[in-house]
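A.B. asks: Take a look at the letters that make up each chain.
2 protein chains.
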Amino acid sequence: MTVSMYAASVPVFEQMLGGLGGVLNKAEAYAAEKKIEPAVLLQARLFPDMFPLVRQVQIACDFAKSVPSRLAGVEVPAYDDNEQTFAELHARIAKTLALIGGLDAMLFEGSEQREIVLRPGTPKERKLDGQAYLLSYGLPQFFFHVTTAYALLRHNGVEVGKRDYMGAY
Amino acid sequence: MTVSMYAASVPVFEQMLGGLGGVLNKAEAYAAEKKIEPAVLLQARLFPDMFPLVRQVQIACDFAKSVPSRLAGVEVPAYDDNEQTFAELHARIAKTLALIGGLDAMLFEGSEQREIVLRPGTPKERKLDGQAYLLSYGLPQFFFHVTTAYALLRHNGVEVGKRDYMGAY
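Chains as they are written, first to last, in our numbering: chain A, 4 to 172; chain B, 4 to 172.
Just to be clear, a hint being listed does not mean it is correct.
One copy or two, either will do: identical chains are not told apart, so a pair holds if it fits within one copy or between any two.
Dumping the calculated DSS-like pairs for lysine-lysine here, alpha-carbon to alpha-carbon at most 25 Å [said to hold, decoys possible]:
no.: 1; residue 1: Lys127; residue 2: Lys38
no.: 2; residue 1: Lys130; residue 2: Lys165
no.: 3; residue 1: Lys37; residue 2: Lys165
no.: 4; residue 1: Lys29; residue 2: Lys98
no.: 5; residue 1: Lys29; residue 2: Lys130
Hints were generated in silico from the structure; no laboratory data involved.
Full structure from sequences and hints, please.
C.D. replies: Structure follows, in structure tokens:
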């Protein structure tokens, strides 16, 4: 017995995006309570050449939309990357959840062997089968940005705990 | 076709622990170059009530040893949690890699349905099947601590990039 590619992808992204949304809610409430301009948190970074919170959340959503979509063999919708507020980040999470929530588990059958091309047509092009794409690339990338968003807010004093990060499981 | 519980666990932990070891190497070299006492990085935190680097690495190893061991149905070895140096953290990573590298993939067969009890005997006791234990609990926890270790060092100026975090894949 084994695990389906669907089970190893969509529900994981859903759980963690749910957690991320909760973390953002606490960040927004914290900004209001402390009279911090929301943009200060949204543009906060852990180091000057790291991405700010907004971009961390955007990229987390990018992996959450693209990894399941590519495994399912459906086109990955483009996002505009123009979010500036907590509400807009929540909207991006919501549209990502709607997208992956609508993917039929049947589409993932055989996806562990499907060839996925990373950065096609670039010098860094790389081919992976679907299993490696999910387990060795997609999940590590996704968790990186979800955790960095959390760490960045925690560093700024937002009172979140690992339970918030974990989401509902 | 699907993914085996072994493939969804041991190689993922191996890849990321390899990355974490590389990140720690760069941190140690940075401390030497900048004449920073290694303990300053080892005890660095992103917020006063977060765990310092040493503990982040210890806990990452704890998940990397316990999740595969419990899925495989073998006893989880206890670690002393007494690491104080980069060399000792590398040793903890190495013994974790040796442990999980020695687990027979056959032991993971059927583990997606094996009942795993979290925090047994405590008020927070929780039962999960092996699939949920790995995908909804073990991997998110593990990635949290690996990424937090990275973020903490990046915040302290260590010149690591996501490529270091990702390890070899």
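A.B. asks: For each hint, tell me whether it holds in the structure or not.
C.D. replies: Hints and how they fare:
1. In this homomeric assembly, Lys127 and Lys38 never come within 25 Å of each other (Cα to Cα): the closest approach is 44 Å inside a single copy and 35 Å across copies.
2. Taking the shortest Cα distances, Lys130 and Lys165 sit within 25 Å of each other only across copies (19 Å), while inside one copy they are farther apart (34 Å).
3. With identical chains, the CA atoms of Lys37 and Lys165 are at most 25 Å apart within one copy only, with a shortest distance of 22 Å there and 33 Å across copies.
4. In this assembly of identical chains, the alpha carbons of Lys29 and Lys98 lie at most 25 Å apart only when taken from the same copy (20 Å versus 38 Å across copies).
5. In this assembly of identical chains, the alpha carbons of Lys29 and Lys130 never lie at most 25 Å apart, being 39 Å within a copy and 28 Å across copies at closest.
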